[in-house]
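Q: Each chain, written out:
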Amino acid sequence: MRADRLRRRRAFRLSTLFALTLVVLILAPMVGERFISPVMLWRPEFAGEADIFWRLRVPRVVLAFLAGAGLALSGLSFQAMFRNPLATPFTLGVASGASLGTALYIRFGVAVSLLGVSGLSLAAFVGALATMLLVYGITRMRGGFSSATLLLAGVAISFFFSSLILFTQFIFEAQHSFRMMRWMMGSLEVVGWRPVFNLLIFVAVGAAVLSALTHELNLMLTGEDLATSRGVDVRRVKRRVFFAASLMVGGVVAFCGPIGFVGMMAPHICRLLIGSDHRWLAPATVLFGGLFLVVCDAISRTVLTSSILPVGIITALLGGPFFLWLLLQDRGFTR
Amino acid sequence: MKPLVAIRNLSLTVGGNRILDRVSLSLAAGEYVSIVGQNGAGKSTLIKCLAGICADWRGDIEIDGVPLRSLSQRRRGRLLSYVPQADARVLPFTVEEFVTMGRYPYLSPFTTVSPEDRAAVERALRMTEVEQFRARWLGTLSGGERQKVFIAAAVAQGARIVLLDEPTTFLDYRHQHEILALLGSLNRESGTTVLAVYHDLNSAVAWSHRIVGLKNGRLAFSGTAADALDPAVLRNLFEVDFSFVEGPEGIGRLALAAAGRAAP
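Sequence order for the protein chains is A and B. For the first sequence, the numbering used here begins at 1 and goes up steadily by one. For the second sequence, the numbering used here begins at 1001 and goes up steadily by one.
Just so you know, these hints were derived from the structure itself, not from any lab. There may be inaccurate statements among the hints.
Sample of chain B residues lacking proximity to chain A, with all beta carbon distances greater than 12 Å (derived) [stated by the list, open to error]:
| id | residue |
| --- | --- |
| 1 | 1006 |
| 2 | 1033 |
| 3 | 1054 |
| 4 | 1187 |
| 5 | 1240 |
On the chain B side, residues computed to face chain A include the following (Cβ under 7 Å) [stated by the list, open to error]:
| id | residue |
| --- | --- |
| 6 | 1025 |
| 7 | 1052 |
| 8 | 1092 |
Ranges of calculated distance between the beta carbons of each label pair, as one might list FRET restraints [claimed, not checked]:
| id | chain 1 | residue 1 | chain 2 | residue 2 | range |
| --- | --- | --- | --- | --- | --- |
| 9 | B | 1239 | A | 235 | 35 to 41 Å |
| 10 | B | 1067 | A | 328 | 49 to 55 Å |
| 11 | B | 1024 | A | 13 | 51 to 57 Å |
| 12 | B | 1110 | A | 191 | 32 to 38 Å |
| 13 | B | 1087 | A | 137 | 44 to 50 Å |
| 14 | B | 1230 | A | 328 | 31 to 37 Å |
| 15 | B | 1220 | A | 5 | 50 to 56 Å |
| 16 | B | 1067 | A | 322 | 25 to 31 Å |
Ideal placement from N, C-alpha and C gives every residue a C-beta, glycine not left out.
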């Protein structure tokens, strides 16, 4: 039966992606300014390298994986909900909202944390969620729903918030301005595990919420009217997706800065590989998004010998042409 | 006998326009009712209110004696299924995947389809005669095949009431006939209550137990197919004169819209 063949093909591709991710996750910490082989980790004469490996490189790789997975999964849920392959945390302005939240926190915030989660990431989450609601609210104000209006509103809000961030930066004192500048370049620099665990909370909660909605996301792809008539409580699904995606984008933006294109590319490539059934597509997107950012980060750490290139530059260099290719394809959701 | 669907004083206003105006209507279990009327009469909106797609209506709707608003969306999905108007929406699924998605009201998160769900899907694929292209992508089907798949998904949903919005529009004669025959057998053999919007009056008359006519959002007619084929009734509904011809044996009377607007 052909349907069984389709299932087997998907299972094979997902397993291959899983295996590939494992291999890359094992190899990635070894790569960098200097290659660190696993043998070196157990020899006392390479104690410095072992320290770099465990305290800098492994947390960095895990952080990259979590960030990539979170951005990709948010992109996937936005694309399904709005039935548009161009709907991503960036085109909808959600990432800019998170950035503005972070910028305002750096400028005016006090160092607070809630249940071990830093105030910075909470500010980013609030910024992301508020922007999502704002963009969606603007779209619905005109009556009905148009994904073209949604994307235009998202892009407009994104530009507006970027200007506000620049303005905030302009009136910053030098010390804030420097911290802000470094963060805006998008970086996976991390020392120790604390930021990794912090981001893990955001991504794990968001992913758990979204993974319970795979049936609903499938039906949302068929249109809100059909989804409703099949028994989907569309409003509740939207609330959950807004919450989960904002949580993940907020977390990633707070810890790693704005890293573009992952949220658009990963779901789209996985859709071509696996199809549009979110029960397969969601895990594939998590793996591919994480894998993609880990690879981009490995490239950014090795391409220049003198310094580390911000990873956002690599994703944008790959993502820009991909975005144009996608625009010209017009087959975003055909398969 | 208590009706399966009872609609009382259903009104809906969108952007200051009254789309439905105090419509009252009831459907008995196993009935096949067709809604006819001019464009903008509120036909599609009426079934969208029942399907839960339009939410801001006023009035009362009861399904089997239970107020519609008191039912969760998932519970509604078990009672009412809906087939939308044919449109250009892109559906990136195979036929089997799409029909299986009709089982949503019975699924819980993280679960996959049960043997009962699988059996319901197989029954629906068989009944609608779409088994042979179960592995094809929806985008590769013709309009008629696609419409059958939509009906298959609605059948798989296992609801007692099927709502259809112009199920035969844009289809060639053969596919129109196949869809109408399919809905007829769904109604007769499975006892499914059918409420369908039709543009083609003769299709509605030929297959339904009862015709409901809407005009400017109001109920303008409700009666048997024979009662509907009355010059005065049709002139009032469509604002055009009709003439009638006797069809061959088994077809009955056919209505033909005359050219020109009716005299006021």
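Q: Look at each hint and say if it fits the structure.
A: So, going through the hints one by one against the coordinates:
1. 1006: 20 Å, holds
2. 1033: Non-interface label on residue 1033 of chain B holds, nearest chain A Cβ at 18 Å vs cutoff 12 Å.
3. 1054: 9 Å, violated
4. 1187: It holds; residue 1187 of chain B is separated from chain A by about 19 Å at its closest Cβ, greater than 12 Å.
5. 1240: Since the minimum Cβ distance to chain A is about 31 Å, residue 1240 of chain B lies beyond 12 Å and the statement holds.
6. 1025: Given a least distance of 19 Å, the restraint on residue 1025 of chain B is violated.
7. 1052: 5 Å, holds
8. 1092: Holds, because the Cβ-Cβ distance from residue 1092 of chain B to chain A comes to roughly 4 Å (cut-off 7 Å).
9. B:1239 x A:235: 35 to 41 Å: 39 Å, holds
10. B:1067 x A:328: 49 to 55 Å: 51 Å, holds
11. B:1024 x A:13: 51 to 57 Å: Since residue 1024 of chain B and residue 13 of chain A have Cβ atoms about 55 Å apart, the given range 51 to 57 Å holds.
12. B:1110 x A:191: 32 to 38 Å: Given about 37 Å between the Cβ atoms, the range holds.
13. B:1087 x A:137: 44 to 50 Å: 26 Å, violated
14. B:1230 x A:328: 31 to 37 Å: 57 Å, violated
15. B:1220 x A:5: 50 to 56 Å: 54 Å, holds
16. B:1067 x A:322: 25 to 31 Å: Violated, at about 51 Å.
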